[in-house]
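These protein sequence lines map, in sequence, to chains A and B. Quick note on numbering: our numbering labels position 70 of the first sequence as 70, and the sequence is numbered without any gaps. Quick note on numbering: our numbering labels position 83 of the second sequence as 83, and the sequence is numbered without any gaps.
A few of these clues could be false.
[As the list claims (entries may be wrong)] Here are the computed lysine-lysine pairs in the DSSO-like style, where the Cα-Cα straight-line distance is at most 30 Å:
#1 A:Lys-194 x B:Lys-64
#2 A:Lys-263 x B:Lys-235
#3 B:Lys-110 x A:Lys-228
#4 B:Lys-50 x A:Lys-263
#5 B:Lys-235 x A:Lys-194
#6 B:Lys-52 x A:Lys-228
#7 B:Lys-210 x A:Lys-194
#8 B:Lys-64 x B:Lys-242
#9 A:Lys-228 x B:Lys-242
#10 A:Lys-263 x B:Lys-64
#11 A:Lys-228 x B:Lys-173
[Unchecked claim] One-sided and incomplete, this derived list gives chain A residues near chain B with beta-carbon spacing under 7 Å:
#12 Ile-51
#13 Glu-154
#14 Pro-177
#15 Lys-194
#16 Cys-237
Don't read these hints as lab results, they were simulated from the structure. For clarity, every value in this text was computed on a predicted model and none was experimentally measured. Think of the CB as a built atom: it goes at the ideal place given N, C-alpha and C, for glycine as much as any other residue.
Read off the chains here:
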Amino acid sequence: MGKLFAVVVTIITLVATAIFVAHVWWPPTDISVHGPAIDHQLRETMVSAGILFVVSQLALALFAWQYGDRKDGRPIKLFPGGATPMVVLAIVLVGAEILALTFVGSKVWASVFQSPPDPNSLVIDVQAEQFAFYFRYPGPDGSFGATHPELINEANENYFGLDPAHDVDARDDIVVPSLAIPVNRPVLLRMHAKDVNHSFYVPELRIQQDFVPGLVIPLHFTATRTGKYEIVCTQLCGLGHYNMRAYLEVMSPEQFDQWLKEKVAQQ
Amino acid sequence: MRIRDLLLLGGVALLGTAMMAGRGGRGGRGAPAAGGTISGKVTFTGTPPKMKPIDMAKEPFCAKEHAAAPVFTENVVTGPGNSLRWVAVYISAGDQGSSPATETVRLDQKNCQYIPHVLVVQPNQPLDIYNDDPHSHNIHPLAKVNPEWNKSQPAGAPPIHAKWELPEFIPVKCNVHPWMHGWHVVLTTSHYAVTGEDGAFSLQGLPPGKYTVTAWQEQFGTQSQDVTITGTETKTINLVFKATPY
Chain A
1 MGKLFAVVVT
11 IITLVATAIF
21 VAHVWWPPTD
31 ISVHGPAIDH
41 QLRETMVSAG
51 ILFVVSQLAL
61 ALFAWQYGDR
71 KDGRPIKLFP
81 GGATPMVVLA
91 IVLVGAEILA
101 LTFVGSKVWA
111 SVFQSPPDPN
121 SLVIDVQAEQ
131 FAFYFRYPGP
141 DGSFGATHPE
151 LINEANENYF
161 GLDPAHDVDA
171 RDDIVVPSLA
181 IPVNRPVLLR
191 MHAKDVNHSF
201 YVPELRIQQD
211 FVPGLVIPLH
221 FTATRTGKYE
231 IVCTQLCGLG
241 HYNMRAYLEV
251 MSPEQFDQWL
261 KEKVAQQ
Chain B
1 MRIRDLLLLG
11 GVALLGTAMM
21 AGRGGRGGRG
31 APAAGGTISG
41 KVTFTGTPPK
51 MKPIDMAKEP
61 FCAKEHAAAP
71 VFTENVVTGP
81 GNSLRWVAVY
91 ISAGDQGSSP
101 ATETVRLDQK
111 NCQYIPHVLV
121 VQPNQPLDIY
131 NDDPHSHNIH
141 PLAKVNPEWN
151 KSQPAGAPPI
161 HAKWELPEFI
171 PVKCNVHPWM
181 HGWHVVLTTS
191 HYAVTGEDGA
201 FSLQGLPPGK
211 YTVTAWQEQF
221 GTQSQDVTIT
231 GTETKTINLV
241 FKATPY
């Protein structure tokens, strides 16, 4: 029985390792400036955790193979000091590994989430609500209209609570359900939530950030490749969470200017 | 075919004709044809808000269905000659009693739109809500006077049977598709109509008396006029809303 267990553990370990080494379920191709650093960190984490995983599983298999079916009647040797020191040592070892990964990874994380945005960023407001995302551009005047939550009204597509009757800045604001951005230009999203927590996740951008009602959360990035990508909500936000998505369209600067003109004409 | 069958068929045909003749204005219900008629048109002055195209990208099926002709928001739908569509016109005072409505009214969720956009029912009138799309909807009437509810309806699910007990103008939204928006207008009178693209309405079968005719438009509110019917004549009125661009 011990030998069978050892074989099964070894097979599971090798198959799992092969899946990771072959990048079977690896993230899609990165399209962001900060993505390579994230991917590098992800690889470091996977390699260090992977080595520990393989070593510990093969050691388990080895011991099971060697001693699992022993029937010579000799007493089983315990870890020096018994079970308690063994558990303490395991916690210390695993904890040290996690702390080390956190410490090393925090540098990359901070470079994405704690660094100031480029002052020339394209600023876009995002409103997340059950169960859709909406994006607001300032329009030709370059100024965002003020928002008034009490004026939010889906019937006339006033998802941000604008007051165009009294607020000139709001009249040319462009509100759309897809995020269009120019390639290679820094973008700053100002993230608002109307109702509950949501999350903005674009795997290709290597970015994921929660929305929290009452907070305006900044998020900045630069996309490096044109194309259409899916934005999904990754916080369980209610019955329609499964259908809460939008699309990111990364365009050439010329395409983006044309897109903006079309949207301005529709206001 | 036996004589009994023929008589039965004739009776059904007569009943059907009587019911059709009894309909009020467009979308109206079962008032008797005898009596006076108030007809007219709902229009606006000023500049109405610009309706925006609806981007349904997040629901690919609906985006594809509307690819050739995008749909627009419907909170102010105008037509030729400054006419206003989706206006509920009804007798708000002077109604001399309306019979309870029993026929079932149908609301469709089709291609991510509510059809019709404005639906009129009477208290306790059966209302069946269908999902004609190959994906889920979540209908959510934001009632204040009646109990509010919100129900998910997967593709292929049977119709939701509903009714409203009290008069109210109820905005209706879909929790899955925020652009989907409509109204359930619950009226105690059976003399009502919902205007079409030409803004026309006709309230028929009104016994002699003094009436107040009210037009309700979801963004502009209401406009009313008093009309007196003395016999079987047709009185024509025009109800005019003042439109503003914002």
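Problem - Violated hints, by number in ascending order, as checked against the structure - result: 2, 5, 7, 8, 9, 12, 15, 16
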